[in-house]
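Trainee: Sequence:
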Amino acid sequence: MYKRILVAYDGSDHAKKAVEHAVSLAKVLNSSLYVITVAVDPSQEALEKAKRIAAEAAEKIASSGLAVSDVAVRSGVPANEILNYAEEIRADLIVMGSRGLSTIQRLVLGSVSQAVASRARVPVLIVK
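Heads up: the sequence shown is residues 1 to 128, going by our numbering.
No lab work stands behind these hints: they were computed from the structure. Please note that a few of the clues may not be correct.
[To be verified] The calculated DSBU-like cross-link candidates involving lysine-lysine, where the alpha carbons are at most 30 Å apart (straight line), are:
hint	residue 1	residue 2
1	K17	K49
2	K128	K49
3	K128	K51
4	K3	K27
5	K128	K17
6	K3	K60
7	K3	K51
8	K17	K3
9	K16	K49
10	K16	K60
11	K27	K16
12	K16	K51
13	K16	K128
14	K60	K27
15	K27	K17
[To be verified] Have a look at the derived ranges for each label pair, beta carbon to beta carbon:
hint	residue 1	residue 2	range
16	R90	S118	18 to 26 Å
17	S63	R119	30 to 38 Å
18	E45	R121	29 to 37 Å
19	V28	S75	31 to 39 Å
20	D70	E48	14 to 22 Å
21	V77	K27	26 to 34 Å
22	G65	I89	17 to 25 Å
Every residue, glycine too, gets a C-beta built ideally from N, C-alpha and C.
All chains should be modelled from the sequences, with the hints used to inform the complete structure.
Mentor: Now the structure itself:
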């Protein structure tokens, strides 16, 4: 059913739980796992931090005995980048945490998970 699962990962507690759910699904369904981390700020420093965060997700997946098919680090509007990457890899499911931003950031930028869920062409699993 879900052959390509994309995990959007920002290092938050909710994102860590999303990885756990994605791993469980991938094991049961024999799916490929992909990871994306998006830096809002295109600076080199922000991209380096995003690479470290993405590597953390890949390590969590690898420690569960699964391989990661690809790890993407992008900069831009998170919802747009997640959706674009989902299209590129032909994801069947997007898994992400319900909250990653602080309350103030969420008020200014809106909820990434809400934006992805409302615009995605595939099912989105939002994990609390």
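Trainee: So, for every hint listed, does it hold in this structure?
Mentor: Status of the hints after comparison with the structure:
1. A hinted pair counts as satisfied when its Cα atoms are at most 30 Å apart, and K17 with K49 qualifies at roughly 20 Å.
2. Between K128 and K49, the direct Cα distance comes to roughly 24 Å. Compliance with the 30 Å bound is thereby established for this hinted pair.
3. Under the criterion of a C-alpha separation no larger than 30 Å, the hint pairing K128 with K51 is consistent with the structure, at around 24 Å.
4. For the proposed pair K3 and K27, the alpha carbon gap of about 11 Å is at most 30 Å, so the pair holds.
5. Annotation: proposed proximity of K128 to K17 holds, straight-line Cα distance about 7 Å (limit 30 Å).
6. Of the pairs offered as hints, the one joining K3 and K60 holds, with about 20 Å between alpha carbons and a cut-off of 30 Å not exceeded.
7. Restraint check for K3 and K51: satisfied, since their Cα atoms lie roughly 25 Å apart, inside the 30 Å limit.
8. Proposed proximity of K17 and K3 is supported: the alpha carbons are some 20 Å apart, at most 30 Å.
9. The suggested pairing of K16 with K49 holds, with an alpha-carbon distance near 16 Å, which does not exceed 30 Å.
10. The hinted pair formed by K16 and K60 meets the criterion: a straight-line CA distance of about 9 Å does not exceed 30 Å.
11. Pair hint K27 plus K16 holds up; C-alpha atoms about 17 Å apart against a cutoff of 30 Å.
12. For the suggested pair K16 and K51, the alpha carbons sit about 16 Å apart, so the restraint of at most 30 Å is met.
13. Distance restraint check for K16 and K128: the Cα-Cα separation of roughly 10 Å lies within the 30 Å cut-off, and the hinted pair is therefore satisfied.
14. Between K60 and K27 the alpha-carbon distance is near 14 Å, which keeps this suggested pair within the 30 Å criterion.
15. The straight-line distance between the Cα atoms of K27 and K17 is roughly 16 Å, inside the 30 Å bound, and the hint therefore holds.
16. In this structure, R90 and S118 meet the distance hint of 18 to 26 Å, their C-beta atoms being roughly 20 Å apart.
17. The beta-carbon spacing between S63 and R119, approximately 32 Å, falls within the hinted interval of 30 to 38 Å.
18. At roughly 33 Å, the beta-carbon separation of E45 and R121 lies within the given 29 to 37 Å, and the hint holds.
19. Under the hint 31 to 39 Å, the C-beta atoms of V28 and S75, about 33 Å apart, fit the expected range.
20. Between D70 and E48 the C-beta distance comes to about 19 Å, which sits within the given range of 14 to 22 Å.
21. For V77 paired with K27, a C-beta distance near 32 Å keeps the hint of 26 to 34 Å intact.
22. Separation of G65 from I89 is about 22 Å and conforms to the stated range, judged on CB atoms against 17 to 25 Å.
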